[in-house]
Structures are given as C-alpha cells and as structure tokens.
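A.B. asks: So the chains spell out like this:
2 protein chains.
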Amino acid sequence: MDTPTLHRYEQLAELILGMIENGALAPGMRLPSVRTVSEQHGISVSTVLQAFRMLEDRGVLVARPQSGFYVAAARSGALALPSTSRASTKASTVSISGAVAALIEHASNPALVPLGCAVPDADLLQSTRLDSALARAARQHGSRYNVYCPPRGEPRLRREIAKRAMRFGHALSPDDVLVTGGCTEALTLALGAVAGPGDTVAIESPTYMGLLHTLEVLGLKAFELPTDPQHGIDVDALARLLEREPVAACVLSSSFNNPLGSTMAEAGKRSLLALLARHAVPLIEDDVYGDIYFSRERPKPFIALDGGANTIYCSSFSKSLAPGYRVGWIAAGAYAKPVLERKLAFSLCCAVLPQVAIADFLETGAYEAHLRGIRRMFAENVARMTRAIEASFPAETKVSRPAGGFFLWLELPKHFDSRALFDKALEQGICFVPGDVFSASRRFRNCLRLSAAHVWDDRIEDGVRRLGRLAQALLAC
Amino acid sequence: MDTPTLHRYEQLAELILGMIENGALAPGMRLPSVRTVSEQHGISVSTVLQAFRMLEDRGVLVARPQSGFYVAAARSGALALPSTSRASTKASTVSISGAVAALIEHASNPALVPLGCAVPDADLLQSTRLDSALARAARQHGSRYNVYCPPRGEPRLRREIAKRAMRFGHALSPDDVLVTGGCTEALTLALGAVAGPGDTVAIESPTYMGLLHTLEVLGLKAFELPTDPQHGIDVDALARLLEREPVAACVLSSSFNNPLGSTMAEAGKRSLLALLARHAVPLIEDDVYGDIYFSRERPKPFIALDGGANTIYCSSFSKSLAPGYRVGWIAAGAYAKPVLERKLAFSLCCAVLPQVAIADFLETGAYEAHLRGIRRMFAENVARMTRAIEASFPAETKVSRPAGGFFLWLELPKHFDSRALFDKALEQGICFVPGDVFSASRRFRNCLRLSAAHVWDDRIEDGVRRLGRLAQALLAC
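Order-wise, the sequence lines are chains A and B.
FYI, the numbering for the first sequence is 1 to 477, going by the UniProt record's numbering.
FYI, the numbering for the second sequence is 1 to 477, going by the UniProt record's numbering.
I should point out that these hints are in silico values taken from the structure, not numbers from a laboratory.
A virtual CB, placed ideally from N, CA and C, is assigned to each residue, including glycine.
Take these hints with a grain of salt, some might be off.
To be verified - Label pairs and their calculated CB-CB ranges:
#1 Thr364/B with Ala366/A: 52 to 62 Å
#2 Lys337/B with Ala366/A: 36 to 46 Å
#3 Val62/A with Thr128/B: 56 to 66 Å
#4 Arg139/A with Ala101/B: 27 to 37 Å
#5 Glu396/A with Ala280/B: 51 to 61 Å
#6 Lys163/B with Glu14/A: 55 to 65 Å
Said to hold, decoys possible - According to the in silico footprint, chain B covers these stretches of chain A (three or more CB under 8 Å from chain B):
#7 15-23
#8 132-145
To be verified - In silico contact screen, one side only, chain A against chain B (beta carbon under 10 Å); selected entries:
#9 Val71
#10 Ser97
#11 Ala118
#12 Val235
#13 Ala237
#14 Leu275
#15 Tyr325
#16 Cys349
#17 Pro354
#18 Leu475
Can you build the whole structure from these sequences, using the hints too?
C.D. replies: Okay, here's the thing in structure tokens:
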C-alpha cells in the first residue's frame with residue numbers, strides 16, 4: 001500500500017522484480033537497454049539507470065561492460081538454503097540466561113567487527129528529525145509531560161500506531177493499543193497473560209534468544225516447531241502437537257523471523273490461525289521486522305488475517321527507527337485487560353517524552369520516507385553480505401535468503417562447531433552469534449547468525465571474508 | 001549531611017526546630033525579637049524574618065500582632081494520631097487490580113480537586129534545567145544514544161546514583177546499580193528474584209496500593225504487619241510471624257511510608273535487620289520518599305545500616321524530580337544476578353536519553369537546590385493541609401504527622417464509610433483515595449489518604465474544607 005509514495009526508480013525496480021518473480025524475465029536474460037526502457041516508460045535515462053544500479057547492488061541484475069544488464073544467474077554456484085529444522089520430541093525447560101548476558105557484552109564491544117548485534121547501526125537509522133522532535137517536546141512541553149502518562153500510553157502515539165495498522169489492513173482503535181518498553185516488554189506481558197510457570201509454549205526453531213530468555217525467566221517450557229528457512233513453521237507438526245498435549249500459546253514472528261528471515265505465506269498463516277482457533281490456543285506474534293521488507297508489499301501479520309480474534313500483536317520501533325527510545329506496543333484484543341493490569345503492576349507506564357517525540361515524528365509523515373531508505377539499505381547489505389559469504393565460506397555452507405530484516409543464517413556441515421569458530425573469531429576481533437543460543441534444546445551448534453545491520457564498509461566486508469576463511473580452516477581440521 | 005549547603009535562614013530554622021525538639025523552646029514560649037536574633041547570630045533582620053515566616057507557614061511558630069513570634073501550642077485542640085494497625089491473622093491473597101485502575105482514572109482527571117494523586121504536581125517539580133538537559137542530549141548526541149544501552153543502564157547515571165548513596169552513608173559502586181523503569185519495575189524485579197507464586201511477603205499496613213497490585217499479579221500473598229503512624233512496623237509482630245511460618249521477603253518503605261508517613265527509628269531498623277538476618281529473609285526497601293524529609297537530616301535507609309548484606313534497595317526520581325521520565329533504580333546486592341537476568345528478559349533496558357538527561361542534571365549539582373526547594377514546599381503544604389483538616393473535619397478525626405513525603409492519613413470513627421464519602425466527593429468534584437485500597441484484606445474502610453503534592457491554592461484549601469464538611473455530614477447521619 002506504499003506504492004503511491006514510491007519514487008519512480010523504485011516503481012521501475014519493483015516492476016522488474018515482479019517480472020523476474022513471475023518468470024517474464026528469466027535468469028541470464030538481457031534487459032532492454034537503458035534508452036529503450038526510458039522511452040517505453042517515459043522516464044529519464046538517469047532514473048532507469050538508478051533502478052538498474054539498485055537491482056545490481058541487490059544482486060538481482062548483473063552489469064556486463066559494453067553489453068548491458070542481465071538477470072543474475074539463478075544462484076548457480078550460489079549456496080544452498082539451510083534445511084528445515086526438525087520437531088522437538090518434547091517441550092524443554094529453557095536455560096539460556098548465561099549465554100545471553102555473555103553475548104550482549106560482546107555485541108556491544110565497539111572493538112569487534114559488528115556481525116553479532118541485533119540492533120541497527122545508529123548511523124544507519126540516523127533520525128535527526130526524531131531527535132529534534134524530542135528536543136522540541138522537552139523544551140516546549142517538558143513540564144506538561146512531567147507526569148505519569150495514561151497507563152495505555154500517550155494518546156497521540158497510540159493514534160498514530162492505530163493508523164499504521166490500517167496500512168496492513170487491520171482496524172485498531174487507539175484504545176486497543178498499549179505502549180510498552182520495547183517489544184520485549186510486550187511479549188513478557190502477553191506471555192504472562194496467557195501462560196503460567198510450567199506451561200508449554202510452541203515456538204519457531206531457530207528463534208530469537210531474547211524470547212528464549214523470557215520463557216526461561218517466566219518458567220515456561222518451549223516446544224520447538226520444525227521451521228523452514230523460507231516458509232516458516234510446519235503447521236502439520238503444530239497440529240500433531242496440539243492433538244497430543246496442552247499448549248498455552250504459540251509465539252511466532254509475523255514476518256522475517258530472527259534469525260532465519262522466514263515468512264509464512266498468507267495461506268499458511270490462515271490455516272495456522274484456523275488450527276489454533278480450533279484448539280483455543282492464543283497466538284502471540286512479534287512483528288518488529290514487518291516494516292523491513294525487500295519485495296513489493298508488506299507481508300500481512302496474523303492479526304490482519306483473523307481480525308485479531310485470538311491473536312496478541314506485539315511490535316516496536318526498535319528495529320526500524322529508535323532502539324534507544326525503547327518504545328514498543330501491544331494490541332492484546334481479548335487479553336487487553338490482563339495485559340493492562342500486568343503493565344500497571346510491573347512498570348506503571350512508559351516515559352512520556354520519547355512517546356511524544358515519536359508521535360510528532362509519525363504525524364509529519366516522515367516515517368514512510370525513512371522506512372523506504374532503510375529497506376533499501378538493509379536489502380543491499382544483505383545482498384552484499386550474501387556475496388561475501390559465497391566468496392569466502394566453505395562450499396558446503398548453506399545460507400538463508402531473507403526477504404526482509406537484516407539477518408543471515410548459515411548452516412555448516414553437522415560436525416562443524418560454531419562455538420570453536422566464535423572463540424577464534426573473537427581472537428581476530430570479529431563478533432557474530434553462534435547457533436546454539438537460538439534453540440531451547442541447544443541445537444544448531446553447526447550454525448551461525450550474521451547481522452547486516454551496520455553501514456556497509458570495508459571493515460564489515462573484510463570481517464565476513466576473514467570469518468569465512470576461519471570457517472574453512474576449522475572445517476578442514 | 002546537606003547542612004553545609006543550607007541557606008542561612010534555613011540553618012536558623014533548623015536551629016529553632018532543634019531547640020523545640022529538645023525542649024529548650026517550649027510550646028507557648030515567645031521567641032526573642034527578630035532584632036535580637038539578628039544581633040546574636042550576626043545575620044540580617046530579613047534573614048531572621050524569612051526563617052520565622054517559614055516556620056510560621058509550617059505551623060511551628062505563631063505570629064501575634066504587636067507581640068512577636070511564639071512556639072505554637074502543643075497541638076492542643078489538634079487532632080490525635082491514628083491508631084497502630086493490628087496484625088494479620090494470616091496472609092491474604094491480594095485482589096486490588098480493579099480498584100487501582102478505577103482510582104488511576106479519577107486521579108488523572110484534571111476536573112477534580114487533586115487530593116488523590118501520588119505524583120507531585122508538574123508545576124511544583126518544574127525542572128526546566130532537566131528538560132533543557134534532555135533537549136541538549138537529543139540534539140547533540142541523539143544518534144550516539146540511539147542504541148540499546150548497557151543492560152544495567154547508562155554508566156554516567158549509575159555513577160551519579162552511586163555518589164548520592166554516599167550521602168546517606170552507603171558505599172555503592174556504579175556496577176551495583178541497575179536502572180529500571182521507575183521504582184515499580186525495581187520492586188517487581190526484586191520480588192520476582194526472591195519469591196514465587198504462593199509465597200508470603202510481610203508488608204506495612206496500610207501500604208501503597210501499587211505494591212499490593214504488584215503482589216497480586218505476581219501471585220504473592222501479603223501478611224500485614226501492625227504499623228504505627230509515626231514509628232513504622234512492630235518488629236515483635238514480625239518476629240512472631242517468622243517463628244510461625246515461612247516468609248519469602250519483607251517489603252518496607254525506607255522512610256515516610258505511603259500513606260502513613262511513618263519512619264522507623266535507626267534502632268528499630270537495626271533490630272529489624274538483625275531479626276531478618278537470623279531468619280535469612282531478604283528485605284526489599286522502597287526509598288522513593290527518602291529525599292523529601294522535613295527535619296534536619298535524611299533518615300538512613302536500611303541498606304546503610306547493614307551494609308546491604310540482605311537488603312535490596314529500590315528507589316526512583318519519580319517523587320522528587322521527574323515522574324514523566326520513568327527512571328528508577330535497584331541495588332540488589334546478593335540478588336544482583338537474578339535481578340539483572342529478569343530485567344534483560346522482561347524489558348531489556350531503559351530508554352537512554354532520559355537517563356543521560358538526569359545524569360547531566362545531577363552532574364551540575366542542581367539537584368540539591370531543587371530538593372531543598374521541594375522539601376520546603378511539601379512541608380508547608382502538609383502543614384497547611386493539616387490546619388485545613390483540623391478546621392473542617394469532625395473532631396473525632398485522627399490525622400498523621402508525617403516528617404517527610406506529601407501524604408496525610410486520616411482515621412475516622414469505626415463505622416465511618418470512606419467509600420460513601422468518596423462517592424459524595426466525586427459528585428462535588430473532589431478526588432482523594434479511600435482507605436481500603438491500602439490493605440490486602442481491605443481494612444481501613446474508615447480511613448482516607450489526602451495528597452499535598454500540588455501547588456497550594458484556594459482550590460486545594462477549599463477542596464479540603466468541603467471534604468471535611470462532607471465527612472461531618474456523613475458522620476452525623
């Protein structure tokens with residue numbers, strides 16, 4: 001639904017991507033010349049060139065000197081996709097906290113090449129307008145806002161959040177929204193409202209280590225569902241689990257899960273919702289990456305497909321605008337009352353001025369242009385990192401192909417030890433995240449996650465390549 | 001320890017207060033003339049007059065025209081103190097959430113005379129310098145701080161908090177401090193670290209309804225200890241409880257408990273700490289009112305008396321500087337690790353820029369002058385409100401005499417129904433808090449809490465007097 005506000009070169013790029021997707025442009029085919037496209041579409045040569053260059057940066061097109069632009073080969077020579085994870089045999093208690101604390105330490109160490117952190121580079125988000133909005137709010141209205149805000153959060157911000165939900169086709173009223181301290185608090189409130197200590201929660205596998213940590217501290221058990229690196233969880237496996245034992249909730253990414261980047265197709269999402277409804281199991285969805293899509297349209301979150309009947313929607317501005325502001329939200333639908341009670345009891349309300357600043361920023365309409373910019377940057381970063389991986393990691397490496405977000409998931413042969421690689425990488429000043437922290441049962445020891453959330457530069461490029469050579473050496477011994 | 005930075009008129013007022021306390025100046029005695037005091041102390045006549053007027057505002061001195069200043073009568077004709085509450089017979093499960101939500105709604109309604117809210121008036125705190133610090137931080141360093149801060153919080157703020165702890169005689173290092181979303185989050189993290197669902201926690205009675213709400217949502221039971229309106233809890237009653245049954249923790253105000261304003265003497269605090277140590281029961285203390293003392297010295301929190309061996313210290317800037325910033329902290333000592341893990345799992349970290357702004361503000365040293373100002377205002381407000389209560393409430397009313405904070409606790413005869421008064425007061429546009437929400441077992445139906453946290457004006461004065469007349473009418477029927 002953002003199409004009307006796309007630049008012309010972006011519209012053209014989308015058109016080309018669509019033609020590649022539907023097969024009208026096949027791998028290896030030469031595109032019409034820049035001049036021809038310019039005449040056909042009535043747009044300037046420089047605009048056409050801008051679109052072609054952008055697609056080249058993403059690895060979609062290849063430029064051949066004196067010849068023109070070609071659709072990139074169908075990843076011949078490229079690395080295969082990681083395999084679908086296998087199902088848990090039973091729910092696991094989680095014990096991840098030590099690993100999480102250690103990794104946070106490393107991920108925030110500026111001396112290391114930052115392939116580990118889950119937060120976009122501040123330079124990349126650089127939201128001068130947002131910071132100005134905060135400065136203005138503090139100077140002009142500091143006293144007015146130096147109170148506890150309403151428990152649900154600043155009304156103007158909730159209105160803007162509700163308006164944004166309309167963009168993905170879900171009608172929310174501002175009163176359906178509760179502002180939280182980031183998505184982490186939203187997930188904590190949601191889990192606390194639907195599950196108690198000892199209960200089982202079904203999750204993606206691999207999944208985000210922060211979620212595992214929250215499950216651990218809440219005393220919840222995790223059942224890891226088989227998850228395909230492109231299409232997300234296996235609904236049949238969930239169906240078998242639900243037949244077999246009680247499940248308090250299912251927690252899934254809405255799109256571009258961390259670390260796989262997988263997204264269920266709408267049909268899959270609908271059948272999952274129907275399954276959960278039959279068993280009266282609530283779905284908690286985490287949509288923090290939903291706005292960072294590389295293709296034409298924002299994937300719909302679950303809540304937009306079932307009208308939110310049985311879904312608790314959680315999100316934040318931390319991945320796309322302002323990690324430092326700690327502003328997230330939850331639309332808990334049928335669970336709104338227990339969620340609000342928990343918010344009141346646990347932290348009362350959130351800081352007011354950061355909410356006012358984000359509301360101001362959203363009201364100006366600047367967020368859409370901001371999102372277009374970071375989507376392009378993340379898409380380019382992911383493409384560049386994929387090429388650097390293909391050029392340096394062992395040929396047996398499998399790598400994910402995310403259609404959004406900023407993570408790549410690498411799977412190496414079974415006996416590969418990503419913890420040994422981690423130790424060697426730290427010695428060489430490189431940080432990444434070893435695979436075992438993405439699993440309650442500590443699988444994925446042969447996997448790793450790389451983050452492409454930093455401004456691309458030689459240090460990153462070189463870091464990936466050195467890491468690839470380290471992996472080669474480790475695999476050889 | 002703030003004495004060196006007191007103004008001269010404040011030093012003189014402290015001297016007079018001391019002489020009244022130790023009996024050198026008895027009720028009804030005439031003070032030496034302003035001129036005499038000026039000559040004796042080598043300070044200006046206007047400074048002496050400023051001290052006398054301040055003590056007059058607090059109800060300590062009385063000015064008689066053509067005659068001079070007298071020590072106010074020993075509250076002859078004044079109202080008695082509320083009685084000490086009685087002990088629980090058993091721990092109660094808590095069910096307060098509905099009442100809390102309803103009261104928050106009323107307390108934030110600007111159409112009502114604000115005798116109900118627990119947050120100081122933004123006009124009274126008016127921290128222009130703090131807001132400027134936030135504006136500056138956002139403008140100059142917005143991008144630098146647009147990241148997740150270290151899990152324990154912004155290091156500069158933790159350094160300032162640790163320095164302030166030195167003022168009350170407890171040595172903390174910045175790494176002992178974890179920044180939280182207000183004191184509510186600090187208490188939630190502390191309770192979660194030491195107690196699990198079904199456990200019993202010993203608390204003051206009456207106590208702060210927010211604490212009761214947190215206990216409810218965590219599934220903890222409350223044992224209400226007998227609490228004296230001046231001297232705090234009955235340590236012997238706690239000793240009997242500890243002999244009888246397991247208690248997971250004791251949660252107390254460090255000073256000026258909400259709603260009584262009671263503070264244990266240091267000897268009492270020491271014997272309580274010794275008792276808890278013998279039974280290996282941790283103490284969680286809430287020191288949000290500790291900086292708002294009306295007498296000469298800040299009461300020491302528990303942590304300063306036992307070196308923090310078994311104490312988890314919680315506080316915030318919400319009552320004294322910046323409710324809207326939601327910045328609190330916890331020094332969890334032996335429980336630092338589980339508390340940090342819970343913080344990470346539940347909300348990751350707090351917003352960075354508000355922390356940076358408060359750190360900037362504290363570094364300038366402006367906080368001490370700010371605190372002196374609000375201490376004086378709250379002391380005057382409490383004295384004025386006491387006089388308005390004495391002038392308008394039924395003669396049987398008992399009222400607390402807090403030595404800090406900004407609440408007054410009123411006890412009416414047993415059959416008085418403060419809920420009926422509440423309904424009538426709302427009809428007349430007046431808000432206060434009925435007594436039953438300060439108890440897990442819903443005692444104190446004949447009591448009420450008034451807040452003197454607003455800039456004093458005719459609307460407040462008139463509101464208290466009208467409320468008093470309503471109480472008279474209700475008691476008469």
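A.B. asks: Compare the structure with each hint and give your call.
C.D. replies: Cross-check of the supplied hints:
1. Between Thr364/B and Ala366/A the C-beta distance comes to about 33 Å, which lies outside the given range of 52 to 62 Å.
2. The hint said 36 to 46 Å for the Cβ distance between Lys337/B and Ala366/A, and at roughly 42 Å that hint holds.
3. For the hinted restraint 56 to 66 Å between Val62/A and Thr128/B, the CB-CB distance of approximately 59 Å keeps it satisfied.
4. Separated by about 33 Å at the C-beta atoms, Arg139/A and Ala101/B satisfy the suggested range of 27 to 37 Å.
5. Distance hint check: the CB atoms of Glu396/A and Ala280/B are about 56 Å apart, consistent with the given range 51 to 61 Å.
6. At roughly 56 Å, the beta-carbon separation of Lys163/B and Glu14/A lies within the given 55 to 65 Å, and the hint holds.
7. Judged by the Cβ-Cβ criterion of 8 Å, the segment 15-23 of chain A is not covered by chain B as claimed, because only 0 of its residues qualify and three are needed.
8. For the segment 132-145 of chain A, the proposed coverage by chain B is satisfied: 10 residues have a C-beta within less than 8 Å of a C-beta in that chain, meeting the threshold of three.
9. Interface restraint check: Val71/A against chain B, minimum CB-CB distance 38 Å, threshold 10 Å, status violated.
10. Because the beta carbon of Ser97/A sits about 5 Å from the nearest beta carbon in chain B, less than 10 Å, this interface hint is met.
11. Residue-level restraint check for Ala118/A holds (minimum Cβ-Cβ distance to chain B is 9 Å; threshold 10 Å).
12. Proximity of Val235/A to chain B is violated relative to the hint, the smallest CB-CB distance being about 29 Å (cut-off 10 Å).
13. Hint status for Ala237/A: violated, given a least beta-carbon distance of 27 Å to chain B, over 10 Å.
14. About 29 Å separates the beta-carbon of Leu275/A from the nearest beta-carbon of chain B, more than 10 Å, and the hint is not met.
15. With a least beta-carbon distance of about 6 Å to chain B, the hint placing Tyr325/A at the interface is held under the 10 Å criterion.
16. Interface hint status for Cys349/A: upheld, as the beta-carbon distance to the closest one in chain B is roughly 7 Å, under 10 Å.
17. Of the supplied interface hints, the one on Pro354/A holds, with its beta-carbon coming within about 5 Å of a beta-carbon of chain B, less than 10 Å.
18. Below 10 Å, beta-carbon pairs count as interface contacts, and Leu475/A has none with chain B, the closest being about 33 Å; its hint is therefore violated.
Checked against the numbered hints above, the structure breaks hints 1, 7, 9, 12, 13, 14 and 18 and satisfies the rest.
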